[in-house]
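Residue numbers (the numbering used here), protein chains in the order written: chain E, 436 to 831; chain C, 53 to 310.
None of these hints come from the bench; they were simulated from the model.
Being a predicted model, the structure only gives us computed values, none of them experimental.
For every residue, glycine included, the Cβ atom is placed at its ideal position computed from N, Cα and C.
Be careful, since some hints might not be right.
[Unchecked claim] Below, a list of computed lysine to aspartate or glutamate pairs in the EDC-like style, where the Cα atoms sit at most 16 Å apart:
hint, chain 1, residue 1, chain 2, residue 2
1, C, Lys-124, E, Glu-729
2, C, Lys-120, E, Asp-664
3, C, Lys-120, E, Asp-728
4, C, Lys-269, C, Glu-235
5, C, Lys-124, E, Asp-664
6, C, Lys-85, C, Glu-130
7, C, Lys-124, E, Glu-730
8, E, Lys-599, C, Glu-116
9, E, Lys-802, E, Asp-664
[As the list claims (entries may be wrong)] Some residues of chain E that are not near chain C, with every Cβ distance over 12 Å (derived):
hint, residue
10, Leu-459
11, Tyr-461
12, Arg-472
13, Gly-492
14, Arg-493
15, Glu-611
16, Leu-655
17, Ser-703
18, Glu-773
19, Lys-802
[To be verified] Chain E stretches covered by chain C per the calculated footprint, using a threshold of three residues with CB under 8 Å from any CB of chain C:
hint, region
20, 444-454
21, 594-606
22, 612-625
23, 716-722
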Amino acid sequence: MKYTLPDERGYFGEFGGKFVPETLMYALEELEEAYRRVKEDRSFWEELEYYLKNFAGRPTPLYYARRLTEYAGGAKIYIKREDLLHTGAHKINNTLGQALLTKKMGKKRVIAETGAGQHGVATATACALLGLECVVYMGEEDAERQKLNVFRMELLGAQVCVVKSGTRTLKDAINEALRDWVTNVETTHYIIGSVVGPHPFPMLVRDFQKVIGEETKAQLYELEGRLPDAVVACVGGGSNAMGIFYPFVEHKEVLLVGVEAGGLGIESGKHASSIRGGSVGVLHGMKSYFLQDEEGQILPTHSISAGLDYPGVGPEHAYLFKSGRAKYVYATDEEALEGFKLLSRLEGIIPALEPAHAVLRVVELAKDVGKGGIVVFNLSGRGDKDMWHVMKHIQL
Amino acid sequence: MRLEEFWKRNKKALVSYMMAGYPDYETSLSAFKILLREGTDILEVGFPFSDPVADGPTIQLAHETALKGGIKSRHVFEICGRLREEFPEKPILLMTYYNPIFKMGVENFCKRAKSAGVDGFIVPDLPPEEGFELKEACRSEGLSLVFLASPTSGERRLKLICSHSDHMVYFVSLTGTTGARKELPIQRLKENLQLYRSLCEKPVVVGFGISTQEQAKEIAQLSDGVVVGSHFVRLVGEGKWQELSESVRSISEAIRSC
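Excised from the complex, chain E in its bound form (with noise of 0.2 Å):
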């Protein structure tokens, strides 16, 4: 059956929507409106292509990891290489599409928020490229432990308010931004950067990101001549995950599995697994998962990489989880440590700590599967901005 989602009030089956203030509405009804416009329109996704390709440094490479796979002894293990892009993530992909519909909305002022600080490292980078103003709402806590990309988003000319609220993490970013956009909604766009928040962002980021998806299916088709046996990503939002899922969601044979952040285990209280450890509530204008409390407030969350430290998690996600398409399971601090040290000595490559969060689960996946068998891993983003944060935690 073909997969049409969202419908045309912006919901996943029963998650997404648009709970914002009123404020707030016809930005978003502007923005599904110019959507709708630059999707007939063949010049946008020309240029868009363009800076993917000669700015960005797409396509990136879909490369056979001999020695994981050796190392997991079942299936072939393929990592998609979005921590060669430019800025280090596979953020740029969206920041880029946005940036250029800020452009045809006419609007000059961009504001965002980050965790890990690639979200806004991307943005500034898309903003610096076009022209545009562009203010990054990051938390104390994050812009602490992720000094170096405050560095780098002020070096690219953009301001960074460091927000002092609440848990000072990523959630209270968003707050802020959202603050920022009821405030200035008139001459500034919000380049969310996940696939959270009202509708249309998740679907908008989505397509943003289904590149990685699209390229994979084309690569892995040119090299093993068929479709993988499953797919892995790390999951905090959830953009990486939705952009290489997407193209494969129709081909049921295609395990899908989201790798959340387990933090110190889900029975210790302190992870950011919104699906394996929260409830369905109502947060950042979309109706998905959550980690709240019985009366509804949303609880702190803990995880080692600032980029998966999220009380939710996309509208899409809890979707193709509710309805049983994908399976999402877990990854604790100490396992992402692993994995990132694995990643590195048997393949050269140092991950970022997010996906670092999915190597374990690649390599029992791989076992699983068996012999013959392909696993594709999306390495969504590169180690160098965690290195100060890792060092604190292991001893080589």
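Take the given structure of chain E and dock chain C to it, following the hints.
Using the frame of chain E, we list chain C on its own:
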């Protein structure tokens, strides 16, 4: 039906907002009583939430403090119940973000609100498009659901809001979050309200940014009521009781004289 009754008998309203449990349970209860005694016509009881995206710094602090102080939904309903006993006639609206309602279940939430003497809800992150479930549940309990309009709501949206909002509409004075402002965009607001009047017959109260007698008077001339929130919340937070009483009284008089 107190809200409906109120608008049958009155032309202008002072709508006052205060956070339940800020700075603590008992103090907020005293604050609500002062607001009601000194001239508040419609009371908005703030329900604390972890992520109040429509609120500015003053009310954000109130949310955070109330939650840190251990305020739960049962305390908020209890406060409403106690106010209801002492003030049987005054309309009381709960102002809450949607998630606490959703998590409790819309029907359950409405039942508990009703039995606490609450008359309805204002939910700043719930546009009419997403309000069907809550609207249904409100209807079966006889509660009002008041929707918000904003300077960015065009003709189509104003009509939609008007048709779904019960007994009145809450018009946001500016694009932004709650919090006292020195200057309000009066000229634009005039145009907004003119458009509103040409499309909707329901009473309209204006909120966000209003803190002085002069502002209240100016806004009351353009609308049917004025909402004051952050200003009162700040006075309560600073323990300025005398100033609170005087402020409520003077703003109430300014509105009535219009």
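Hint by hint, which ones does the structure fall short of? Failing hints, ascending: 2, 5, 10, 11 and 15.
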